[in-house]
Amino acid sequence: MLVKINGQEYEVDQGTTILQIAREKGIYIPTLCYLERVSPIGSCGLCVVEVEGQDELVQACNTYVEDGMVINTDTPSVKAARKAALEKILEKHPLDCPVCDKAGECKLQDLVYELGYEERISHKVVGIPLLKEPPVSYSTPGIKYYPSRCVLCQRCVTICSEYVGREVLVVNEEGDKPRIEPLYADRCISCGECLAVCPVGALTENVSPLKVRPWQKKVSRTVCPYCGVGCVLELNVGDNRVVKVTVDESIPPNYGTLCVKGRFGFEFINSEKRLKRPLIRKNDEFQEVSWDEALDFVAEKLTAIKESAGPDAIAGLASAKCTNEDNYVFQKFMRAVIGTNNVDHCARL
Amino acid sequence: MTLPLKKERDEMILNMGPQHPATHGVLRLLLELEGEVVKKVVPIIGYLHRGIEKLGEERTYIQNLVLTDRLDYTAAMSNNLSYALAVERLCGIEVPERARVIRVIMAELARIAAHLLWIGTYALDIGAITPFFYCFREREKIMDMFEMVSGQRLTPSYICIGGVRKDITPTFLEALRNFTDTFESYILDYEGLLSKNPIWLARTRDVAVLSKEDAINWGTTGPVLRASGVQFDFRRATPYCGYENYEFEIPYGTRGDCYDRYRVRMEELRQSNRILKQALNNLPDGPVLADVPYIVMPDKSQVLTDIEALIKHFKIASGAFQIPKGEVYSSIENPKGELGFYIVSDGSSRPYRMRIKSSCFVNLSALPFMVEGQMVADVVAAVGSIDIVLGEVDR
Amino acid sequence: MTNSLADIEEAEVILVIGSNTTENHPVFGMKLRRLARRKGTRIIVADPRKIDLTEDAFLYLPIKPGTDIALINGMMNVILREGLHDEDFIAEHTEGFDEFRKVVEKYTPEYVAEITGVSSSDIEKAARLYGSAQRASIIYCMGITQHTKGTNNVKSLANLALLCGNIGKPGTGINPLRGQNNVQGACDMGGLPATYPGYQQVANDEIRKKFEDAWGVKLSGKVGLTVVEMGDAALSGDVKAFYVMGENPILSDPNLHHLEEALQKLEFLVVQDIFFTDTCKYAHAVLPAAAYAEKDGTFTNTERRVQRVRRALNPPGEARDDWWILCEVARRMGYEMSYKNSEEIFEELRKLTPQYAGITYKRIETVGIQWPCPTEDHPGTPILHVGKIARGKGLFTPIEYKPPVEQPDEEYTFILTTGRNYYHYHTGTMTRQCMVCNFYVPEPYLEMNPDDARELGLNDGDAVKVCSRRGEIELKVKLSSRMKRGEVFSTFHFSEARVNLLTGSELDPISKIPEFKVTAVKVVKP
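Residue numbers (our numbering), protein chains in the order written: chain W, 1 to 349; chain C, 1 to 395; chain L, 1 to 526.
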């Protein structure tokens, strides 16, 4: 099947949408609500393109290609329609970028910056003045919901029902400002998938008291410390504290999904209760000592027991929570240094 | 710490600085003296090192502008200009005509302010107290003018990428006009106090001589170079901001001593004033910022009322704009000499490398050459005459 | 797992047995749920509790705890009776089929229904679903293994997979879900009493020689003690010192009174952890370690995927990497062991571990590799037993059903199963510091069928005392319709109600796993 996009012909498969082809071929079409993981939502109207022979512009995300289709993604009318769609969203958006957690990694901001450069600043658009509207209650304490910032893209609603399969959220269209409502909050499993897909600051993370702007934080990709699925996640660190957990959608085994523990269970890392200095029991009380003293003490004791009662009088528990390297060194320590095979860990528990 | 000089026989090793009133900042000079004669000088720098070049790699292009204020803080406007020119050349931004003229005005005012500060403090260094009060009177007027346009006296960050932050006001123009009209007579005052003063002459004539060849070989620039008899000025050699359209002379000396450096700076005051007058008369109307909305910040009044402007402001301030891949070296004639920025862009919103060529650093390196074999008291005169600012030496 | 997490998508039927997947492996559970809803994959859930996944399951088999073997034998009986087994596969790739067939023939659906409490028609239905599918996968977890006959349970599942030829293809296989993020890795690295890294037997002289050469010391060929045996040995005085790295046995191990005594008896106990855990209370030295976010290294997940862990922040105070501490102790004991960084350790271990030989930090920079990966140009192995069973021929093991060791009686009327819940993890040292997790589950609870509670005169939230033959704890009752009558459930996350005070230390004779899933208890008002 052949289609022509911006004057260039492409061989395509049936059953793909215009947007999928454009993405594949590197043709840029802006989107706000589109998510690869779920079926097209089609609420934002930014992905419109011109199809020759059709009177109206069509949405690229939910229009399937037909043989011989001639598509233009960059005509003046397309640009105007996109700009109009964006302005419609912005009209109702509060002027609170400076206090919004999302600012800097906000999809709406990116789009305004991208699409707005053709003309200088449009003077038609005026957002609603900063209302100090408090966040309303949401289905999980891990997330704050600011309805005034919501652009009703319905990404959260769709991902919750289609991808997570919990159907917690609905769109409430009553009143003058429609909003998302956690109608079946008891079904919520706090997986935070809605938080991850929210393009704006309507859903924001509520766990870390410290917030860091995206350009100030360091992102390290690592592996979740909880169950055996081994989800790959990114720790967002600012000021030596974990402030947020994000995920890369392209990496196995979890492809962007996390659960409550992976997404919100990071507070223990920066807990005040963490052990900070070696402790030794002296006169039945624990005392903080230097590393040298602690290590000498441990080595001395182990050597004494090894010599008096033999290496098999010492047993070691490795850990399913430590890295392969730690475990390797541990068993090497037990086997080569102590000289016993009394090594085990909690695999069975 | 082992000292780079070892004491032998009767030499005396003397530390001058890092806290010494005559070193103009935290410069430390290690002097090897034989009696009163200086055998050797080792300048030890780095006390004011803030890692500005490295910081530049961490901050966005817009944020870096603020760092440049802290280089030669006696002429922050010039530093802003040099940096802005480098970035503009890297991304090919054309600055509007009005902004170019305003930039010239600011650069020349900065030059005058810097030279006034130098004359005042240099005279103090070698014993004349009065000129200081005269010089600071006029410098204060310039500081006030800077405050009018930018709200800041010392660190204005006024000249920005794409033009200047804000248009100048009629009040400013009036103040500037008053200043240019009267400044010539003030220069005569300073010269009256110093030029033929016998003590002044005794302290500066044939002191710390740098020959023409040495000045070139050491790579010195600015008044130090010109005082040694080289008629070289970046405003003429590689004109920027339309300097080719202004009439001005390039003063230069013949002997290369402290007195010549003083004379060159005095004359530069006059020439700067001349440029200012021309600029005032040829100030065109029009915008002061280039029309490149994805780099240039929207107007502040709109930012507080219009969501689109707010977003744009936020995006630009937080480093959304990315500069095309490439590298550039661009330099200007700072009051002290050549100030150049070498910027390598990897296509992101932060420089991959930002190297600053500092005239103060280069000129300072010629110091041992000037003073070795001279009297210890002349070290003060020599250091002062180079006109260093440690903010720029150490960066 | 014989297969990958990703290729479960190819399965037509998934048998989930003894795994509360949506709660304990939520990301994978989400995937199962999605497959059931969006793709129509048929899921069979066999579990004593009516877990969340039953919502999306095609068939739910509410078996009695500890009767898994009977259920599977029953299913296999139906498959054989109806000729749904893969005869070609059995002939070509397996052995021991005839003896196995004899045993299975006795487990008619009616007989099995009696034992398991599942109706015979449901057993037939499940068997037909599994047997007639082109590709069917088995997923199991601790519900299968934590029994005194855990090994036999697993062998039964293997029989089932072999019977239908569901092995070595995408969307098939026998897939245990590992409970902790690096159990797989800890086992691979030789954190076991009988094996060196890469499951190489310590008793094998040739292999021992290889490690002796690599490490430059004489090694012991005597198989060591397992966790529970260590406790016994400590009590008898054979073991005098424990070195515990990142574990909290005082909450996680069975029959705690016994273990408590053992720890108190030790001459020397070193604990290396990130928190002052309950085990630390018995320690003589506590060494602060770096948490996962503070170290570089690798984790190996349940699908054998070796993935990079990166240092994101600095450890608090003077906490140090676990391996650094061990190297320092080793040095002070006269064995020079030092590494520049974790990569150097990995380079050493991959030389000694054949499965890891081809994996380097560079290769797993973005996406992890699934072992076995013998050479540096090997792409890794997402599916095991492709084309040929690893041991040569798949072995059918005839297995008879035997009831669990503990049985309820007149006094101890309930069967207690233990496990985790969605919001907490293991002994709670990490999740109990987290706001969201604590919001939902702040305190220990005992899940109980509402009808049972009514009989005992209990309401939701009432405090009760749970006693077993070994100990007692106090906690609150949570009424839940997902429990069957006569069964109660609790978790081991909470140090204030240590459920392992109740559990017994009867072990599976082969794997030495304790029977956590069946404990007879009584529930009384305090």
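Watch out, some of these pointers could steer you wrong.
[To be verified] Now the in silico label distances, taken between C-beta atoms and shown as ranges: (1) E57/C - D74/W: 34 to 42 Å; (2) N283/W - E58/C: 20 to 28 Å; (3) D144/C - K79/W: 43 to 51 Å; (4) K79/W - E58/C: 33 to 41 Å; (5) K211/W - K218/L: 23 to 31 Å; (6) T171/C - E114/W: 33 to 41 Å; (7) L395/L - P141/W: 48 to 56 Å; (8) T238/C - K79/W: 36 to 44 Å.
[To be verified] In silico EDC-like cross-links for lysine to aspartate or glutamate, where the CA-CA straight-line distance does not exceed 16 Å: (9) K169/L - D7/L; (10) K281/L - E285/W; (11) K306/W - D238/L.
[Unchecked claim] If you only want the chain W side, here are some residues facing chain L, beta carbon under 8 Å, derived: (12) I21; (13) R23; (14) L210; (15) V212; (16) P214; (17) S220; (18) R335; (19) T340.
To be clear, the hints were calculated from the coordinates, so they are not data collected in a lab. Just so we're clear, the structure is a prediction, and the values are computed from it rather than from any experiment. No residue lacks a Cβ here, since even glycine has one placed at the ideal position from N, Cα and C.
Compare the structure with the hints numbered earlier in the document and write down the numbers of the violated ones, lowest to highest.
Failing hints, ascending: 2, 5, 12, 13, 14, 15, 16.
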